[in-house]
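Could you build the full structure based on these sequences and the hints that come with them?
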Amino acid sequence: MKLNESKINRWYLITQLPKLSLLKGMGFLPGEKIFVRFHQPFSGPTIVRLHHRYFAIGFALSEKISVQSLPKQGRNVEEK
Amino acid sequence: MIVKTTKRTASHNQIPVASLSQPSSEPSQSKQSKQILLMGNPNVGKSVIFSALTRTQTISSNYAGTTMDCCKGIFSVDSFECSLTDLPGIYSLQAESEAERIALNELKQKPDAIICVLDATNLAQGLHFALEISSYQIPMVYLLNLSDVAKSLGISIDIAQLKKKLNAPVIQCIAVKESDFTELKSCLSTILTQNSKPSSASFQTIEMESSSHEYREDSKQIAKQVSDVSGIKTVREKLEEILLHPILGLFSALLILSFSIIVIIGGGEFLIEHLSDPLSKIFINFFRDSLSPLLQQAFLKELLIGDYGVLVTPFEWILASILPYVFMFYLVFSFLEDSGYLPRLCVLFDRLMNHMGLQGGSMIPILLGYGCAVPAIIGTRTTASRKERLIAACIICFAVPCTSQTGALLRLFHGQPVWFFLLLILISVIIIFTVSFCLKRFIKGEVPPMMLELPHLLLPNPKSYFLKLKLRMNHFLLDAEIPMMAAILLIALISASGLLETVSNFLTPLVVNWLGLPKEASLALITGMIRREMSVAPLLALSLSPLQLFVGGIVSLLYLPCASVFAVLVKEFNLKTALLIAFGTVINAFLVGGLVHFLGNFIGLV
Chain A
1 MKLNESKINR
11 WYLITQLPKL
21 SLLKGMGFLP
31 GEKIFVRFHQ
41 PFSGPTIVRL
51 HHRYFAIGFA
61 LSEKISVQSL
71 PKQGRNVEEK
Chain B
81 MIVKTTKRTA
91 SHNQIPVASL
101 SQPSSEPSQS
111 KQSKQILLMG
121 NPNVGKSVIF
131 SALTRTQTIS
141 SNYAGTTMDC
151 CKGIFSVDSF
161 ECSLTDLPGI
171 YSLQAESEAE
181 RIALNELKQK
191 PDAIICVLDA
201 TNLAQGLHFA
211 LEISSYQIPM
221 VYLLNLSDVA
231 KSLGISIDIA
241 QLKKKLNAPV
251 IQCIAVKESD
261 FTELKSCLST
271 ILTQNSKPSS
281 ASFQTIEMES
291 SSHEYREDSK
301 QIAKQVSDVS
311 GIKTVREKLE
321 EILLHPILGL
331 FSALLILSFS
341 IIVIIGGGEF
351 LIEHLSDPLS
361 KIFINFFRDS
371 LSPLLQQAFL
381 KELLIGDYGV
391 LVTPFEWILA
401 SILPYVFMFY
411 LVFSFLEDSG
421 YLPRLCVLFD
431 RLMNHMGLQG
441 GSMIPILLGY
451 GCAVPAIIGT
461 RTTASRKERL
471 IAACIICFAV
481 PCTSQTGALL
491 RLFHGQPVWF
501 FLLLILISVI
511 IIFTVSFCLK
521 RFIKGEVPPM
531 MLELPHLLLP
541 NPKSYFLKLK
551 LRMNHFLLDA
561 EIPMMAAILL
571 IALISASGLL
581 ETVSNFLTPL
591 VVNWLGLPKE
601 ASLALITGMI
611 RREMSVAPLL
621 ALSLSPLQLF
631 VGGIVSLLYL
641 PCASVFAVLV
651 KEFNLKTALL
661 IAFGTVINAF
671 LVGGLVHFLG
681 NFIGLV
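These protein sequence lines are chains A and B, in that order. FYI, my numbering numbers position 10 of the first sequence as 10, with every residue one higher than the one before it. Just add 80 to wherever you are in the second sequence, counting from 1, and you've got my numbering.
Heads up, a few of these hints could be off.
As the list claims (entries may be wrong) - If you want the ones that stay clear, here's a sample from chain B, every Cβ over 12 angstroms from chain A, calculated:
| id | residue |
| --- | --- |
| 1 | N202 |
| 2 | Q205 |
| 3 | Q217 |
| 4 | R296 |
| 5 | S299 |
| 6 | L335 |
| 7 | F363 |
| 8 | Q439 |
| 9 | N554 |
| 10 | L579 |
| 11 | N585 |
| 12 | N593 |
Claimed, not checked - Result set (DSS-like, lysine-lysine): computed pairs, CA atoms no more than 27 angstroms apart in a straight line:
| id | chain 1 | residue 1 | chain 2 | residue 2 |
| --- | --- | --- | --- | --- |
| 13 | B | K231 | A | K19 |
| 14 | A | K19 | B | K467 |
| 15 | B | K190 | A | K33 |
| 16 | A | K64 | B | K231 |
| 17 | A | K19 | B | K188 |
| 18 | A | K33 | B | K231 |
| 19 | B | K190 | A | K24 |
| 20 | B | K300 | A | K64 |
| 21 | A | K33 | B | K524 |
Everything labelled a hint here was simulated from the structure, so no lab data went into it. In this text the structure is predicted, and so the values were computed from the model without any measurement. Where is the CB? At the ideal position from N, CA and C, for every residue including glycine.
Next comes the structure, spelled out in structure tokens:
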């Protein structure tokens with residue numbers, strides 16, 4: 001599934017993403033777990049949480065990021 | 081000793097930082113000179129640390145991209161004279177962006193040491209970058225900043241273990257509260273005295289051949305081993321989420337922006353009424369009363385204390401009309417900057433900005449334009465493409481009034497219905513959309529989607545907040561007032577020499593016939609070339625009908641970018657672009673002004 005199609009308040013595993021150094025540098029890599037917090041309306045950015053930080057990913061970019069749903073770990077609780 | 085500082089910040093560009101203060105201590109001739117780099121991810125507090133170490137006064141904000149160029153300063157550590165280079169924040173050394181290329185070049189110069197700033201709230205990300213740098217085998221000191229925020233988020237870090245893992249000194253700090261970084265200086269002294277490359281570590285030897293992916297794994301592993309997270313959601317996090325919520329976030333944005341505007345306008349009017357207006361009257365009366373009997377020559381009298389006299393006009397226009405609004409704007413804007421709210425606003429308005437050919441992140445330089453267009457245009461460097469940069473710069477020049485111009489416009493509309501000012505804002509918004517829609521179609525190129533790291537919400541630190549306010553007011557009073565005074569002198573000369581009549585007659589077809597303004601308003605068009613607010617100020621001295629006030633306000637708002645903005649446009653783009661923008665703004669201002677005049681007459685407004 002693409003990131004823009006993900007459900008909010010769920011954990012996802014990044015499976016594939018475009019080769020962008022900025023994404024990589026920010027810590028977005030295949031195998032990384034992210035928590036999808038919000039999708040802004042009208043094809044707006046997706047707000048995700050990675051390592052205690054919020055990131056806004058524009059719609060066009062979130063369309064190119066593939067994620068895989070993870071079992072629920074409790075609402076917005078970061079993994080230790 | 082010459083301190084060469086080439087700091088450029090998004091919010092306070094072109095300020096010769098070194099001239100604002102002196103370095104901490106003057107190193108003696110015998111001191112050994114050493115090169116030190118200050119590196120780290122964006123928005124981890126490098127500029128704050130740089131300011132504290134070199135005793136220079138720089139502006140820092142709670143969002144990424146405040147520093148856009150290398151910034152150099154000097155400080156002393158024992159017998160060493162250290163030249164510190166503050167590099168723009170980057171996430172990796174992939175050399176794909178301009179900032180990354182700058183960092184790589186600096187690393188290739190083989191500095192004597194690196195101060196690597198880590199964000200305690202996001203250790204893994206900082207460590208990834210730190211491990212990349214460590215492969216260059218340069219002695220490093222790690223500064224773990226934002227430890228107070230990490231604590232409030234329930235993150236605790238085992239410093240001793242981190243030191244062991246990195247095999248280098250790690251100093252925990254809260255940069256905004258530190259004053260002299262004694263521990264850091266002591267570590268640097270030890271490193272520089274040893275004058276040897278570190279034998280470092282398991283990691284450093286491995287990392288020579290490590291790929292970026294391995295660094296990532298290592299950094300995650302270290303971060304996991306040394307930090308402990310409580311997992312409890314704090315009030316700060318809840319608030320951060322509310323401000324990003326698709327509905328609550330928009331509602332909060334409207335509330336925050338409305339409140340900010342009320343504070344700026346209300347506070348400005350309060351200051352004018354109770355402080356600056358009475359004060360300016362005292363000065364004006366003093367000059368008029370004391371000089372009037374002494375000045376016998378009419379020309380001199382008109383030049384010094386006449387209607388546009390150089391000794392009275394600055395008090396009338398600057399002190400009593402513009403300065404209070406400028407002060408209130410920066411008071412509010414600096415708070416929003418330091419709180420970390422602005423990037424959240426960018427997220428909420430990203431979709432709207434996409435329609436304008438921009439991404440949400442471009443909202444910060446545009447908002448900066450409401451303060452001053454010069455740093456705003458330099459701030460457009462943070463945009464991801466040339467197309468986006470050009471659109472953002474054009475928006476700033478075409479229809480974003482700077483704070484002093486807004487102050488002058490508010491003064492111009494004083495006593496008029498509120499909808500006068502609201503209608504003016506509406507017209508400027510329409511122009512912003514029109515310009516961006518046109519440019520989006522005409523300028524070739526892509527605008528990449530937004531990818532933004534959102535800073536934590538912080539309560540501004542009083543020390544850095546008031547320092548920023550002081551620097552910005554200094555900038556306004558010193559850098560902006562000089563051209564303003566030049567404009568006032570020009571007006572006084574034109575008025576006293578009788579040239580005003582000639583100039584007015586020359587511009588009559590445009591000013592009187594097309595715009596419906598009195599011919600004396602021609603003066604505003606001339607002085608508006610020097611400073612934007614000077615296209616409004618001369619109108620304050622005229623008796624204008626409500627329609628004339630509105631037309632005058634519109635033309636002033638949309639008129640030419642001032643001389644310093646023009647110079648920045650030439651520098652940041654080229655002369656052709658600057659001329660095209662200037663030509664476009666003039667045509668646009670007269671076209672809209674004329675249309676408003678005829679429309680006003682048509683519907684019976686006088």
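Hints, verified against the model:
Annotated as non-interface, B/N202 brings its C-beta within 12 angstroms of a C-beta of chain A; the closest such distance is 5 angstroms. Listed as outside the interface, B/Q205 is inconsistent with that label: its C-beta sits roughly 5 angstroms from the nearest C-beta of chain A, within the 12 angstroms cut-off. Distance to chain A confirms B/Q217 as a non-interface residue, since its nearest Cβ pair spans about 22 angstroms, more than 12 angstroms. With a least CB separation of 6 angstroms from chain A, B/R296 falls inside the 12 angstroms interface cut-off, contrary to its annotation.
Consistency note on B/S299: stated as away from chain A, yet its beta-carbon is not over 12 angstroms from all of that chain's, at 9 angstroms minimum. The claim that B/L335 is not at the interface with chain A holds, since no C-beta of that chain comes within 12 angstroms of its own (minimum 18 angstroms). Here B/F363 stays apart from chain A, with its beta-carbon at least about 50 angstroms from theirs, past the 12 angstroms limit. Distance to chain A contradicts B/Q439 as a non-interface residue, since its nearest Cβ pair spans about 6 angstroms, not more than 12 angstroms.
At roughly 34 angstroms from the closest C-beta of chain A, the C-beta of B/N554 stays outside 12 angstroms, upholding its exclusion from the interface. In this structure B/L579 is separated from chain A by more than 12 angstroms, as the shortest Cβ-Cβ distance comes to about 55 angstroms. Annotated as non-interface, B/N585 keeps its C-beta farther than 12 angstroms from every C-beta of chain A; the closest such distance is 54 angstroms. With a least CB separation of 46 angstroms from chain A, B/N593 remains clear of the 12 angstroms interface cut-off, as annotated.
A C-alpha spacing of about 34 angstroms is found between B/K231 and A/K19, which places the hinted pair above 27 angstroms, so the restraint is violated. Annotation: proposed proximity of A/K19 to B/K467 holds, straight-line Cα distance about 22 angstroms (limit 27 angstroms). A C-alpha spacing of about 37 angstroms is found between B/K190 and A/K33, which places the hinted pair above 27 angstroms, so the restraint is violated. The hinted pair formed by A/K64 and B/K231 fails the criterion: a straight-line CA distance of about 35 angstroms is larger than 27 angstroms.
For the proposed pair A/K19 and B/K188, the alpha carbon gap of about 26 angstroms is at most 27 angstroms, so the pair holds. Distance check on the hinted pair: A/K33 and B/K231 sit about 23 angstroms apart at the alpha-carbon level, within 27 angstroms; holds. Proximity of B/K190 to A/K24 is assessed by CA-CA distance (about 26 angstroms); at most 27 angstroms being required, the pair is judged to hold. Distance hint between B/K300 and A/K64 is fulfilled; the C-alpha atoms sit about 25 angstroms from each other, no more than 27 angstroms.
A distance of roughly 37 angstroms separates the Cα atoms of A/K33 and B/K524; the hinted pair therefore is violated under the 27 angstroms criterion.
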